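Number of protein chains: 2
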Amino acid sequence: MNFFSSNFKLGILGGGQLGKMILYNTRKFDIYTCVLDPSNEAPSKIACNEFYQGNLMDYDTVVAFGRKVNTLTIEIENVNVDALETLEKEGVTVYPSSKTLRTIQNKAKQKLFYIDNNIPTAEFSRFAYTSEIREALNNGGLELPFVWKSAQFGYDGNGVKVIRQLNDLEGLPNVECITEKMIPFKNELAVIVARNADGEVKTFPVVEMEFHPEANQVEYVICPARIDETVAKKAQEVALQTSKAFNHVGLLAVEMFQTQDDHILVNEVAPRPHNSGHQTIEASYTSQFEQHLRAILNLPLGKTDSKVGGIMVNLVGAENYTGDVVYENIESIMKMDGVTPHIYGKKQTRPFRKMGHVTIVDKDINTARQIAEQVKNTIKVISK
Amino acid sequence: MNFFSSNFKLGILGGGQLGKMILYNTRKFDIYTCVLDPSNEAPSKIACNEFYQGNLMDYDTVVAFGRKVNTLTIEIENVNVDALETLEKEGVTVYPSSKTLRTIQNKAKQKLFYIDNNIPTAEFSRFAYTSEIREALNNGGLELPFVWKSAQFGYDGNGVKVIRQLNDLEGLPNVECITEKMIPFKNELAVIVARNADGEVKTFPVVEMEFHPEANQVEYVICPARIDETVAKKAQEVALQTSKAFNHVGLLAVEMFQTQDDHILVNEVAPRPHNSGHQTIEASYTSQFEQHLRAILNLPLGKTDSKVGGIMVNLVGAENYTGDVVYENIESIMKMDGVTPHIYGKKQTRPFRKMGHVTIVDKDINTARQIAEQVKNTIKVISK
Chain A
1 MNFFSSNFKL GILGGGQLGK MILYNTRKFD IYTCVLDPSN EAPSKIACNE
51 FYQGNLMDYD TVVAFGRKVN TLTIEIENVN VDALETLEKE GVTVYPSSKT
101 LRTIQNKAKQ KLFYIDNNIP TAEFSRFAYT SEIREALNNG GLELPFVWKS
151 AQFGYDGNGV KVIRQLNDLE GLPNVECITE KMIPFKNELA VIVARNADGE
201 VKTFPVVEME FHPEANQVEY VICPARIDET VAKKAQEVAL QTSKAFNHVG
251 LLAVEMFQTQ DDHILVNEVA PRPHNSGHQT IEASYTSQFE QHLRAILNLP
301 LGKTDSKVGG IMVNLVGAEN YTGDVVYENI ESIMKMDGVT PHIYGKKQTR
351 PFRKMGHVTI VDKDINTARQ IAEQVKNTIK VISK
Chain B
1 MNFFSSNFKL GILGGGQLGK MILYNTRKFD IYTCVLDPSN EAPSKIACNE
51 FYQGNLMDYD TVVAFGRKVN TLTIEIENVN VDALETLEKE GVTVYPSSKT
101 LRTIQNKAKQ KLFYIDNNIP TAEFSRFAYT SEIREALNNG GLELPFVWKS
151 AQFGYDGNGV KVIRQLNDLE GLPNVECITE KMIPFKNELA VIVARNADGE
201 VKTFPVVEME FHPEANQVEY VICPARIDET VAKKAQEVAL QTSKAFNHVG
251 LLAVEMFQTQ DDHILVNEVA PRPHNSGHQT IEASYTSQFE QHLRAILNLP
301 LGKTDSKVGG IMVNLVGAEN YTGDVVYENI ESIMKMDGVT PHIYGKKQTR
351 PFRKMGHVTI VDKDINTARQ IAEQVKNTIK VISK
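Residue numbers (UniProt numbering), protein chains in the order written: chain A, 1 to 384; chain B, 1 to 384.
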């Protein structure tokens, strides 16, 4: 198959900011793309060759879309997996596979998968309904505090809650869920692993993530992580072990905890380009978006070393602002050395909504970190 | 003016491969774009917000298009300059200005401009018609060999011919032209200068160009140029002098000769992103395309240092192949470290047609140069 011709069609489920960044690379390689997204104003609508509006969770919609393309990938996990399975049977190449996605979509299944494959992860319990948790607490089968996670459709800032006292359970949806032991970690780390159909595997360097304490969203991603070489090596090994267990094709972003005694525990994974890899656009020889494409098209994987140190700052809507977005002081941050804003193009802001990200690169990661702090203190995502 | 909002519209005259690479950056900044191009299959057609098909040399077409936008720029010089002048009078911001473009569009005017501004350039003569050249040769006012250049609408590989003997004049169009003294140069160099409306100026490092002997097209662009620091400094100074004389806004790519005695002579300029700056996408802190946008939108200019050494190889159609394009061995070059192909998306190849480019980056420029040679010897642009 020659991908560099208009006979080949790549389908992408989801046309958000990740899809938009994938599309820069399909355009660079002149690969024909079709995108399906529920919103008629999806950021990917321009820059793909064919755009379709439709529900990613609807079986018929996804099957009909998938039949138009040769290879199908995703930019979001919440898609109809039965449809992917049908398409696979019909001969469409689907990466990540329906099997990989089925395991990842459900956090309970994901955790059981780690246990089955001897992948280190935080202790957890599984509940068919949130309402069962109180009983487990009464029985002594569960202890406060813990992290509650909805089994399905969870993502950063949603579907996850730290439960410190009984009251915290109130208002949670009564759905399938897991409870996880709180990990008093030193660092949150991530490694993005790429694997192509031929089995070639490459990892990006270990990154360190700093979370916003309230919004539970990544605030800084720092590459390389400022950790000991031995810990970095261990994180790489655990990420590779996880990747091997999934036998995925495409990217697998593996989020991990570095515990107080320097053990590595897998938190969760995403089988696609990930927020923890945005700095690769400016910092790496190969961006995560290009690498995802190389992997799913079974092309040789690109070099994953860094050219320079890179830091990513998420641009999220400021508290107390809702409405037409304004990027206050964006010109000021563009005066700073090595600073690149990425604006996703969402017209409306609201508190903690991801509106874009800013990459800061410098040969010295500590200089980059200082500039990142300045960036964070200068730009503000507000409304008119 | 807040560019980061949908009220602002940027117009681009020309929707070719340069426009396509500008559009990645408008999308990154979420800037609304309108593109005018004669071809309904222009590479920029997808990824801009509004696409218009029309003749860039037609006054009415360009005026009508320009009235839709707030700021107008170009990706090609051959546009109707009277239309730009009208638009400027009507209040549209046009960068480069009609004045800059008028001087650059005509090579005779461009050369006179260098003389007027004490910018070093090769000796030349101006002719209203090519047919006048024979008389000048007979009179002794001109000596063989020389370089013939059409005054208007010339570009690499077209409108330029080395005249070694009288016969070589045959078949040339009988148009306004210049003849230039042949410069036995050591190197062809280029510097891209960016200038915004506030007068902020930044230069990219000096690059070295190797031309294909037959096609008169750039074969390698090497950044940084492998020249003495004093020569590099002189080239930077001449480029800045040229930029200052034009008082342009946006990019100015200044192509220069380094003579045998290490003088710098300006060859020609382009007031836009340029082939000699493609490697900035992968090698520089700020790409030339982002820098052009920053300049014309009067934003702070980005850092122009290189992260790593960069080499650009043009992908041109192989001799003896015309028809539906095939990129033979593209997968082999993608196995090499730090290699990124850019495929422009033209469906038909013909000998020496620019079909794309490949960037090779490495911390060591000599390693990059070796890989570039491998790339050039491996990939072949042929037809089915």
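Quick caveat, the hints were computed from the structure, so don't treat them as lab data. Predicted, not measured: the structure shown is a model, and the values here were computed from it. Careful, some of the hints might be misleading.
Remember, identical chains collapse to one label, so a pair may be satisfied in a single copy or spanning two.
[What the hints assert, rightly or not] Taking lysine-lysine and the DSS-like style, the derived pairs with C-alpha atoms no more than 25 Å apart in a straight line are:
{"hint": "1", "residue 1": "346", "residue 2": "45"}
{"hint": "2", "residue 1": "68", "residue 2": "89"}
{"hint": "3", "residue 1": "335", "residue 2": "303"}
{"hint": "4", "residue 1": "363", "residue 2": "233"}
{"hint": "5", "residue 1": "149", "residue 2": "363"}
{"hint": "6", "residue 1": "99", "residue 2": "9"}
{"hint": "7", "residue 1": "376", "residue 2": "9"}
{"hint": "8", "residue 1": "45", "residue 2": "347"}
{"hint": "9", "residue 1": "376", "residue 2": "346"}
{"hint": "10", "residue 1": "346", "residue 2": "234"}
{"hint": "11", "residue 1": "363", "residue 2": "99"}
{"hint": "12", "residue 1": "335", "residue 2": "384"}
{"hint": "13", "residue 1": "68", "residue 2": "347"}
{"hint": "14", "residue 1": "303", "residue 2": "233"}
{"hint": "15", "residue 1": "335", "residue 2": "9"}
{"hint": "16", "residue 1": "346", "residue 2": "99"}
{"hint": "17", "residue 1": "45", "residue 2": "68"}
{"hint": "18", "residue 1": "335", "residue 2": "202"}
{"hint": "19", "residue 1": "335", "residue 2": "354"}
{"hint": "20", "residue 1": "363", "residue 2": "346"}
Going down the list of hints, with the structure as the test:
| no. | hint | result |
| --- | --- | --- |
| 1 | 346 to 45 | both (13 Å within a copy, 22 Å between copies) |
| 2 | 68 to 89 | within (15 Å within a copy, 50 Å between copies) |
| 3 | 335 to 303 | between (30 Å within a copy, 9 Å between copies) |
| 4 | 363 to 233 | both (22 Å within a copy, 24 Å between copies) |
| 5 | 149 to 363 | neither (39 Å within a copy, 44 Å between copies) |
| 6 | 99 to 9 | within (23 Å within a copy, 45 Å between copies) |
| 7 | 376 to 9 | neither (40 Å within a copy, 28 Å between copies) |
| 8 | 45 to 347 | both (15 Å within a copy, 23 Å between copies) |
| 9 | 376 to 346 | within (20 Å within a copy, 42 Å between copies) |
| 10 | 346 to 234 | neither (38 Å within a copy, 46 Å between copies) |
| 11 | 363 to 99 | neither (41 Å within a copy, 41 Å between copies) |
| 12 | 335 to 384 | within (23 Å within a copy, 49 Å between copies) |
| 13 | 68 to 347 | between (31 Å within a copy, 21 Å between copies) |
| 14 | 303 to 233 | within (18 Å within a copy, 33 Å between copies) |
| 15 | 335 to 9 | between (40 Å within a copy, 23 Å between copies) |
| 16 | 346 to 99 | neither (32 Å within a copy, 38 Å between copies) |
| 17 | 45 to 68 | both (17 Å within a copy, 22 Å between copies) |
| 18 | 335 to 202 | between (35 Å within a copy, 13 Å between copies) |
| 19 | 335 to 354 | within (23 Å within a copy, 35 Å between copies) |
| 20 | 363 to 346 | neither (32 Å within a copy, 37 Å between copies) |
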